[in-house]
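The whole structure should be built from the sequences, with the hints applied where relevant.
4 protein chains.
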Amino acid sequence: MYSFKNDYSEGAHPRILNALIESNLEQTAGYGEDCYTTKAVEILKEKIKCENVDIHFISGGTQTNLIAISAFLRPHEAAIAANTGHIFVHETGAIEATGHKVISTKVNDGKLTVENIKAVLEEHTDEHMVKPKLVYISDSTEIGTIYKKVELEAISAFCRENNLILFVDGARLGSALSCEENDLELSDLARLTDAFYIGGTKNGALLGEALVICKDSLKEDFRFHIKQKGALLAKGKVLGIQFLELFKDNLYFDLASHANNMAKLLNKEIKKMGYSFLTESPSNQIFPILPNTIIKKLEEKYSFTIWSKVDNNNTVIRLVTSWATKQDAVKDFIEDLKILTK
Amino acid sequence: MYSFKNDYSEGAHPRILNALIESNLEQTAGYGEDCYTTKAVEILKEKIKCENVDIHFISGGTQTNLIAISAFLRPHEAAIAANTGHIFVHETGAIEATGHKVISTKVNDGKLTVENIKAVLEEHTDEHMVKPKLVYISDSTEIGTIYKKVELEAISAFCRENNLILFVDGARLGSALSCEENDLELSDLARLTDAFYIGGTKNGALLGEALVICKDSLKEDFRFHIKQKGALLAKGKVLGIQFLELFKDNLYFDLASHANNMAKLLNKEIKKMGYSFLTESPSNQIFPILPNTIIKKLEEKYSFTIWSKVDNNNTVIRLVTSWATKQDAVKDFIEDLKILTK
Amino acid sequence: MYSFKNDYSEGAHPRILNALIESNLEQTAGYGEDCYTTKAVEILKEKIKCENVDIHFISGGTQTNLIAISAFLRPHEAAIAANTGHIFVHETGAIEATGHKVISTKVNDGKLTVENIKAVLEEHTDEHMVKPKLVYISDSTEIGTIYKKVELEAISAFCRENNLILFVDGARLGSALSCEENDLELSDLARLTDAFYIGGTKNGALLGEALVICKDSLKEDFRFHIKQKGALLAKGKVLGIQFLELFKDNLYFDLASHANNMAKLLNKEIKKMGYSFLTESPSNQIFPILPNTIIKKLEEKYSFTIWSKVDNNNTVIRLVTSWATKQDAVKDFIEDLKILTK
Amino acid sequence: MYSFKNDYSEGAHPRILNALIESNLEQTAGYGEDCYTTKAVEILKEKIKCENVDIHFISGGTQTNLIAISAFLRPHEAAIAANTGHIFVHETGAIEATGHKVISTKVNDGKLTVENIKAVLEEHTDEHMVKPKLVYISDSTEIGTIYKKVELEAISAFCRENNLILFVDGARLGSALSCEENDLELSDLARLTDAFYIGGTKNGALLGEALVICKDSLKEDFRFHIKQKGALLAKGKVLGIQFLELFKDNLYFDLASHANNMAKLLNKEIKKMGYSFLTESPSNQIFPILPNTIIKKLEEKYSFTIWSKVDNNNTVIRLVTSWATKQDAVKDFIEDLKILTK
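Sequence order for the protein chains is P, U, R and B. Residues 1 to 342 in my numbering are what the first sequence lists, from first letter to last. Residues 1 to 342 in my numbering are what the second sequence lists, from first letter to last. Residues 1 to 342 in my numbering are what the third sequence lists, from first letter to last. Residues 1 to 342 in my numbering are what the fourth sequence lists, from first letter to last.
Because the hints were derived from the structure by calculation, they are not lab data. Hints are not guaranteed to be accurate.
Cross-link-like lysine-lysine pairs, in silico, DSS-like; alpha carbons within 30 angstroms at most [stated by the list, open to error]:
(1) B:149 <-> B:131
(2) R:131 <-> P:5
(3) U:39 <-> P:326
(4) B:219 <-> P:131
(5) R:118 <-> P:106
(6) U:49 <-> U:148
(7) U:326 <-> P:39
(8) P:39 <-> B:131
(9) R:39 <-> B:326
(10) U:131 <-> R:45
(11) P:148 <-> P:49
(12) U:131 <-> R:133
(13) P:309 <-> R:106
(14) U:301 <-> U:342
(15) B:131 <-> P:219
(16) R:219 <-> R:39
(17) U:296 <-> B:118
(18) P:39 <-> U:301
(19) P:39 <-> U:5
(20) R:118 <-> R:219
(21) R:133 <-> P:131
(22) B:39 <-> P:131
(23) P:131 <-> R:309
(24) P:131 <-> B:131
(25) B:215 <-> P:215
(26) B:39 <-> R:326
(27) P:219 <-> B:219
(28) U:5 <-> P:219
(29) U:131 <-> B:131
(30) R:118 <-> P:296
(31) B:301 <-> R:39
(32) P:301 <-> U:39
(33) R:106 <-> P:106
(34) P:106 <-> R:133
(35) U:5 <-> U:272
(36) P:148 <-> P:5
(37) U:118 <-> B:5
(38) P:309 <-> R:133
Printed below as a string of structure tokens:
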């Protein structure tokens with residue numbers, strides 16, 4: 001049984017484990033005040049091409065979202081998200097648990113537009129409703145699509161005009177930025193957003209996300225929020241060491257490229273067989289629509305997610321590739337599907 | 001510079017890293033639904049000698065405290081803690097951030113007694129005050145002392161009579177249970193408390209605490225709370241593998257014993273030199289009172305925590321030992337202190 | 001300028017002010033433990049035909065909703081509401097501010113159905129999503145419609161089968177229960193729901209809602225929640241006296257009937273002129289669709305709410321009547337509209 | 001049975017009820033946007049001698065405290081209060097329920113000093129603890145004492161130097177400012193604090209407190225917070241009308257002076273009989289220490305609060321007077337006590 005279920009089935013890239021071993025018995029300061037974390041922050045600032053950001057390492061994506069959003073908003077302010085947004089759907093009300101409404105807006109491709117945001121602002125007119133204040137987008141999105149530079153620039157400009165905070169969930173930012181279709185760089189994110197995070201868990205780390213706070217007014221006292229939400233790891237260096245290893249050369253993007261390539265191969269071959277897809281995804285998650293009979297057969301050898309029903313005979317499935325996906329497994333899947341398709 | 005500052009200066013015990021490496025490329029289910037986590041839970045149940053508990057692995061102590069306490073209490077209910085209790089002092093108001101007051105009561109040795117709890121109940125009489133509902137104790141305490149069985153039994157009996165939840169913060173439970181003076185076992189904790197956690201971070205793990213929920217009514221839907229607070233790690237196996245390694249033989253207690261032995265050695269020798277202590281600590285944290293002039297000298301070669309002022313000339317310091325503390329470093333410290341003391 | 005903007009433009013029915021005056025200088029216990037409140041509770045229990053309920057008086061609707069819902073739910077649980085539901089739209093995220101998501105579901109007539117609720121349950125499958133636990137409905141709804149007995153019975157049965165709490169926002173329950181089309185009584189609400197409230201503010205009181213808790217497990221410690229949310233009035237008798245006056249005879253329903261009659265008159269005459277309506281409302285809020293040119297003229301003499309745009313030339317307006325609405329004003333409005341319509 | 005139990009046993013001063021009646025049937029805007037509220041705000045600004053404040057009317061003291069404090073603080077920030085402070089003791093954890101710790105500091109006379117505040121700041125040093133940000137004081141205090149101008153000036157100066165918000169709970173501000181010993185005026189409060197409230201409930205209103213926000217940065221969007229916490233009354237004019245009546249001439253202070261005079265009479269006569277007091281209170285709450293045997297006898301004719309035990313034979317009781325306290329009742333009490341004392 002081979003899994004295309006997600007990008008966190010395996011552990012960490014071997015170089016990361018190695019880095020943990022090499023530094024293991026060295027005594028360092030706790031709570032992320034160690035030299036590895038410091039170096040990781042320095043190197044990330046170089047990659048982002050911006051000195052004037054604050055960077056914090058946090059163990060997971062939901063945790064990063066909830067700490068950042070609750071730290072950035074006042075009690076009556078709300079986040080705007082796509083109806084497919086992770087914070088709206090799959091975080092067990094983590095944002096609401098910190099007191100803030102997530103206003104969802106229906107989109108088809110996982111991506112928010114200026115028009116979506118504008119419509120929300122127009123509906124929220126007075127103190128009988130929450131005040132929309134933060135725009136949450138994911139790149140890549142929860143259904144595999146990515147933002148183009150022109151799209152992010154438009155959202156960014158609108159947010160600045162309207163005094164909205166722009167926050168990017170980058171759980172799969174590695175995959176997004178490594179797509180062929182992508183024209184964004186880390187430095188664009190720093191330039192265009194108020195905060196974003198660079199996901200490690202889904203791109204080769206054991207655990208860990210790097211939150212980058214760009215806007216000065218959002219930086220103050222941020223470590224208090226991390227601690228208050230239970231996320232200031234005593235052995236904070238565990239996160240710093242991993243990001244140092246991922247970014248001291250091009251490892252982070254190499255891993256993401258591999259994941260994308262594996263998804264692309266699947267995508268191309270499945271398309272060739274005549275199947276259509278839920279979305280045009282250039283990243284490491286693809287959503288082919290297959291006949292139920294074939295899905296049943298595939299499930300004998302592969303695990304993946306049943307995403308949504310199309311009609312009585314066809315279903316969308318989600319296939320996810322990662323830094324660890326084996327090319328042979330991809331080829332086997334394609335061969336098996338070919339045979340089942342005939 | 002050698003550090004006696006805390007028990008999380010180094011990484012993990014080498015066997016733990018090894019276990020992570022060995023399982024690294026295996027594909028497993030996410031979110032703690034993998035086989036390693038399942039096995040770790042099974043083995044822990046054996047060690048606890050109780051099948052009827054739920055066990056969850058969570059990345060840190062503050063996180064475990066806040067998830068458990070907020071899941072256990074209704075909005076108007078409060079926790080009772082010693083004024084030295086970690087949740088009262090050192091968690092940036094994490095419990096209050098979930099909506100609950102922490103009622104503190106002054107104690108001298110870090111330990112709550114039935115009398116302390118009773119006094120709190122007597123003061124809280126009606127709906128104009130919070131309702132005390134959960135008793136929080138730490139074993140070992142924040143100042144190194146431990147609970148004897150007779151003490152825990154008394155607190156447990158009182159809590160059951162008064163419909164109070166008894167919760168034990170076991171960030172340093174390994175050290176507590178491995179002290180010579182200790183007469184408690186894991187099975188006693190399961191028998192006497194409603195929930196407790198077994199700390200991994202401060203006893204050889206990279207990160208991770210094992211929360212044990214004993215009382216049936218507190219178990220329902222607990223994974224929702226973990227997720228909502230951002231603590232359901234995608235690669236949950238990282239925690240399971242570590243606890244499996246710590247408990248598949250006696251590693252956990254061996255590590256704690258080493259830490260205790262190192263502290264004991266320090267304790268004995270410092271006492272011999274005529275110094276007194278803030279508390280009689282049998283565990284891995286000791287609190288000698290030293291002259292300021294000597295402290296200044298020691299700081300040139302060792303790092304440790306300045307705890308509290310005694311008078312203009314003397315100060316309490318905290319020395320913490322761990323599974324990784326080197327006996328040679330302890331001996332050097334003793335020698336240096338002897339020389340300075342003359 | 002005459003206002004049809006809402007049902008809280010005037011103060012209280014004169015009998016209520018009189019009751020406040022008569023009891024004014026009498027010394028009574030504070031915080032709702034006075035004899036008037038006690039009597040009001042007794043009389044309400046008679047009207048509800050159920051002794052086994054707890055009744056609390058709270059100053060406003062949003063306050064009642066947030067206290068009840070936050071007291072009833074555990075942290076990971078959520079409320080289900082129509083997308084027009086007051087808690088979803090017009091309470092500034094009051095429910096989310098207590099930590100709970102409000103799951104909205106699209107309806108056309110302001111009313112939830114079993115199918116709506118079922119669909120929400122089917123989408124919420126595991127601990128990565130909130131757990132739907134409370135069904136919130138309003139009677140009458142925010143757009144004037146009312147629940148029939150058969151509808152409420154179906155929802156109630158479904159909630160009981162699925163262990164969901166059924167809560168009815170009765171800000172305008174007087175109007176709902178006094179409609180000609182209505183076949184529900186207070187006793188039905190007590191029988192079919194877990195909690196509901198009887199609105200006073202919008203039916204002749206200065207302020208005040210009577211929350212009725214039917215389900216035993218929701219009753220415990222409820223006064224703690226009222227106090228914690230700042231709603232336990234020192235002079236609680238102010239609320240008790242008003243409800244005593246409203247319910248010691250049929251005043252409450254008489255006032256509601258007047259409001260309904262005034263709305264009905266408007267409704268009938270506007271329909272006669274050939275206009276259509278957003279909803280078929282039998283209660284004290286009606287939503288005619290009028291040409292923009294006519295609306296502009298009407299606004300010179302009357303105030304009302306511009307509800308929503310229909311097309312470039314027509315708009316839905318909201319007209320609200322109350323216990324205090326003058327029949328002459330209604331007639332004037334009709335006459336003026338007739339003239340404008342020609 | 002005559003009650004000296006509190007200052008909210010009766011309803012409202014007759015002039016207030018009269019004002020409610022006179023304005024009763026007039027149609028006005030809802031939610032405090034009516035002309036009475038506007039006028040009340042104008043008149044209060046004159047009394048405060050400051051135009052640059054925002055004033056909001058809120059129905060009760062706990063509600064005002066929790067809305068203001070939660071609106072003013074960011075999630076990691078905490079309030080500092082005397083251990084007798086109402087928010088620390090008697091509000092059912094209302095502040096903690098909004099996510100903020102209340103740091104208490106032990107005082108003997110109910111009053112915070114600069115030294116108390118300084119000590120709290122010195123203990124809170126880093127992100128492992130909450131950040132003390134708001135100083136909460138009550139005038140008069142919960143045990144009847146009042147702040148002198150020099151004391152408030154010192155606290156104010158310290159708060160400004162240390163970037164702390166100074167907030168005054170004025171539930172009994174009328175009594176405080178009307179004491180003979182007092183040298184503060186409303187204008188001093190506006191000058192020295194960042195926000196304070198003028199209590200109506202305990203000084204002749206049916207309900208209502210006037211929150212005055214002095215510091216510009218605390219004013220923004222405040223009505224959102226009132227609404228979110230359920231405190232934006234639909235018939236907001238009920239509060240505005242009362243404050244207009246209380247402040248359009250000297251009624252507010254006249255009522256407070258009467259309460260103080262009654263307390264003073266009790267105080268003087270009880271002292272004459274040789275009894276001592278818990279505190280030297282110049283305001284409308286006094287705390288004589290009486291023999292238990294006498295207390296038992298007094299309870300046959302008067303109700304009051306048993307405050308605290310002094311020794312096996314003597315107890316502190318609390319006697320509260322109000323705008324409605326009858327001089328004859330006071331004289332009767334004195335006479336009865338005299339007889340019992342002999």
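What's the verdict on residue 131 of chain R and residue 5 of chain P, does the C-alpha distance respect the 30 angstroms limit or exceed it?
holds, 24 angstroms
Residue 219 of chain R and residue 39 of chain R were given as a pair; does the straight-line alpha-carbon distance stay at or below 30 angstroms?
The hint holds at about 19 angstroms.
For residue 149 of chain B and residue 131 of chain B, compute the direct alpha-carbon distance and say whether it is at most 30 angstroms.
holds, 28 angstroms
Check whether the Cα positions of residue 301 of chain B and residue 39 of chain R lie no farther apart than 30 angstroms.
holds, 25 angstroms
Taking only the CA atoms, is the gap from residue 148 of chain P to residue 49 of chain P under or equal to 30 angstroms?
Judged against 30 angstroms, a Cα distance of about 20 angstroms means the pair holds.
Does residue 5 of chain B lie within 30 angstroms of residue 118 of chain U when you go C-alpha to C-alpha?
holds, 28 angstroms
Agreement of residue 131 of chain P and residue 131 of chain B with the hint, judged by alpha carbon distance not exceeding 30 angstroms:
Judged against 30 angstroms, a Cα distance of about 26 angstroms means the pair holds.
Taken at face value, is the distance from the CA of residue 131 of chain B to the CA of residue 131 of chain U at most 30 angstroms?
holds, 26 angstroms
Below or equal to 30 angstroms on CA atoms is what counts here, so check residue 39 of chain U against residue 326 of chain P.
Holds. Residue 39 of chain U to residue 326 of chain P sits at ~27 angstroms (cutoff 30 angstroms).
Pair hint residue 131 of chain B and residue 219 of chain P, alpha-carbon separation not exceeding 30 angstroms
holds, 15 angstroms
Check whether the Cα positions of residue 39 of chain P and residue 5 of chain U lie no farther apart than 30 angstroms.
holds, 22 angstroms
Pair hint outcome, residue 133 of chain R versus residue 131 of chain P [Cα-Cα no greater than 30 angstroms]:
holds, 26 angstroms
Against the hints set out earlier in the document, no violation occurs for any number.
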